[in-house]
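Taken in order, these protein sequences are the chains called A and B. Quick note: the first sequence, position 207, residue 207 per UniProt numbering, numbers continuous. Quick note: the second sequence, position 1, residue 1 per UniProt numbering, numbers continuous.
Calculated from the structure, these hints are not laboratory results. Quick caveat: nothing in here was measured; it's all calculated off a predicted structure.
Below, computed lysine-lysine pairings styled on DSS-like, alpha-carbon distance capped at 30 angstroms:
id, chain 1, residue 1, chain 2, residue 2
1, B, K317, A, K145
2, A, K304, B, K122
3, B, K122, B, K317
4, A, K145, B, K311
5, A, K227, A, K145
6, A, K304, A, K145
7, B, K311, A, K304
8, B, K121, B, K317
9, A, K304, B, K317
10, A, K304, B, K121
11, A, K227, A, K304
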Amino acid sequence: MSVANAAHSVVEPSAGTRRFAGLLVILYAIITMIPLVWIVLTSFKSPDDAISYPPKILFKPSLEGYCNLFTTRSRQTPEFIQTLGQPHGLCDSIARSRNMVVAGPSNYVPRFVNSLIIAFGSTMLAVALGTLSAYGFSRFRVPLKDDLLFFILSTRMMPPIAVAIPIYLMYRTVGLSDTRLGMILLYTSVNVSLAVWLLKGFIDEIPREYEEAAMIDGYTRFQAFVKVVLPQATTGIAATAIFCLIFAWNEYAFAVLLTSGNAQTAPPFIPIIIGEGGQDWPAVAAGTTLFLVPIVVFTVLLRKHLLRGITFGAVRK
Amino acid sequence: MNDLSASSQITYRAVPVRPAVVRRIRGLSDQALAWLFITPTIVLLLAINIFPLVWTIYLSFTNYRANRANAPTIWLGTDWYQSILTDPDIWAAMQVTAHFVIWTVLIETVLGFGLALLIDKKFRGHGMWTTIILLPMMLSPAVVGNFWTFLYQPQIGLFNYVVAFFTGRGASSFQMLGDVTLSPWAIIIVDAWMWTPYVMLICLAGLRSIPDYIYEAAEVDRASNWRQFWSITLPMALPFIMLAVLFRGIENFKMFDMVNLLTGGGPGSTTEVASITLKRAAFESWRTGYSSAFAIILFVTVFGLANIYVKALNRVKNR
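Next up, chain B with everything else stripped away, as it sits in the complex:
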């Protein structure tokens, strides 16, 4: 974290040399201005993020139910945490989430890095095609989820038609969203469709950060293309790939909107990722205390991942 501001502090040192009079002829001192500028943001975040978070922590130790606000609130201690960590349903949801995260990140990384390698060849018109490829990731995941349910319709959907056309199976012989084995893959396909461009864009930045002279040197040493890829391209692009992997990992760990619209967690609970379980507990069964405890567990996990993410960001930034 400290390396983040190292450069700005070095340049800062140069400033106080100027006479202090210049800086405060009129108006506020720099320190006062700094706080005046930063405080509104911090206050807003405290009010809308931190205060609710503290409230959630409190609720997670009680039996509070949002649909029975007037019932007496009883202090339960860590009961919810214990029951969540030993609840097989929660672990099932965690497994579904893990399956989703691992496969989406894997597919997106392989495809995204591959695409970045190809786009880096700078063929004619690569700028325009890159913009087209980037479109899916800018769209609303909810709206995307919703229109993919149309493509996945067993009889009328385009996806089923195309698969049937190439495999010779009947277009209504399989249901992407209604089948226990297929539905986890249905959400993985949509996520990969949407987010491969994201990984591609970051990988492309990584590839473009590699200076040409390294390849020229390798060329002089008669290193094969294969060797160049493994000893130069991949290691030097790796921090960028890691950044993309981490960010997709975090985002998909908390995935809600797309899955909610595609399958709603079903059939049964085969695609019930952690956020869907949480939504069901909090807004359908109204087990506010229980879901608060689960929310805190998810918070802590994401917070840990975010910490690693920021470290990765700074590594990339210092390149």
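Okay, chain A solo, but in the shape it has when bound:
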């Protein structure tokens, strides 16, 4: 920038200011991380440690929460358990120490798989549709362009419960209630607006001259789109896909109202994990931890594009 900057800018904060600012921010970051750390810790606690008073920071790690998350158990008499012979695996021996036997797998894995299928399915559809439309809006003269773009964005602003009422009736009529396909279509329709807005921003940044050069070399417009624009937009498409994935992964309102068994995803399932006598907090914490891990990874991957994603591509830094 300017010469003044290169020497020593008057607007550069002093070392003391910096250190003080850093200290406050780190303090905030630590406080804000406590709930998350607490959930991860709780997932490794035994049920007694999880509900002890005062709350335990040091405890003997246990995998009971994870075992309870993945299995269902039934209570048996000690005499019956003695007749069973060796326990099958770690979870069975933990269960037996509490006079229970593992009865079978829980519903967590199927719900997690539903989450994966619905999130990836809707993301692929939304990004595919979004890329095409974004290119259309970016490069061609479209009548009522601004109105169409506003219309597309406004569909994302709708309160989910208000949308869910007619969707519920519509899906009941066409047989899409509680199906993965129904949820994929619904999430696609919510995500496509974000995809169009974000990708339009990314494609706007690719110089038109590239395609024009390719077209002069004999490519059709479509070939130029596939062979020139798409490779240039890879980063943008990847960032958009992760945003869509996160939305579909986190979504709760539609999932809890429109699915009950077959197509239920993890967010409506985790809160209803119940043990004997109330909520099984270590199991809930274990389910939460496993569910949050992908998001943490994605956030770190996305950190450069976060701002763009949350402002529909308007703010680019």
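Could you slot chain B onto chain A? The hints should help.
Just chain B now, with coordinates in the frame of chain A:
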């Protein structure tokens, strides 16, 4: 709205100068391709957003109940709208929503802008700490709501323990989620925890959009730091702050998942925000016609806010 495409149209003008032959040697014309590309998205949105919306408008004028689909449907006209707008329960829900929206947006803006100011000092390692701070806003509001119920447990919860530790009160002497005066604040705390980073991130972009030379000029004029903040920093970051405020306002106006899991609207209806009222009417009492009318009222409100939001977006974009 028109300023949105102004720049793209200017560059577009340059294109037709090239011979049309180049553009359509083979394949489709540009116009056909444009429609081919845009139509699938529009069709999907028409099928899954607009058609249901029209259906909702129709239902809002009838006595239809989703759990009695075979009962004869009677046309009621605007009866539901009149009864909703005069229903004290609805106005109570609107007040709860307003309380929630105003306080969360206020707290998040103050904290978020403050944090952005601090992070903008570019201390060592600010990138890593910023990423850590941003984590809560990426999480599922439902899962967040659910694990905060654990932190809020009266006897065993960490939140109660910490408050008890610092204030000397008994950890089970207060219930964040079960108390009429505390529960509205319980949901505000969780929302602020989750969304302050969002406001921070947008404010940070605003601060970084202010060119250094303005501060240098102010420095030359010997303007105090205080003066610089009020005459440069705040006014120039204001469009960004407004954007964050509007978006949080819209999102919290339709807040459902987090509140549903934290309190479910309770105790009684002290935290019953509009979306919870709507869910109760639509999916618990099955008053489909009535809830459709309420949904339309919420739609119109959000639509109006979204309009303002897009204008704000474009203002920021043109900076």
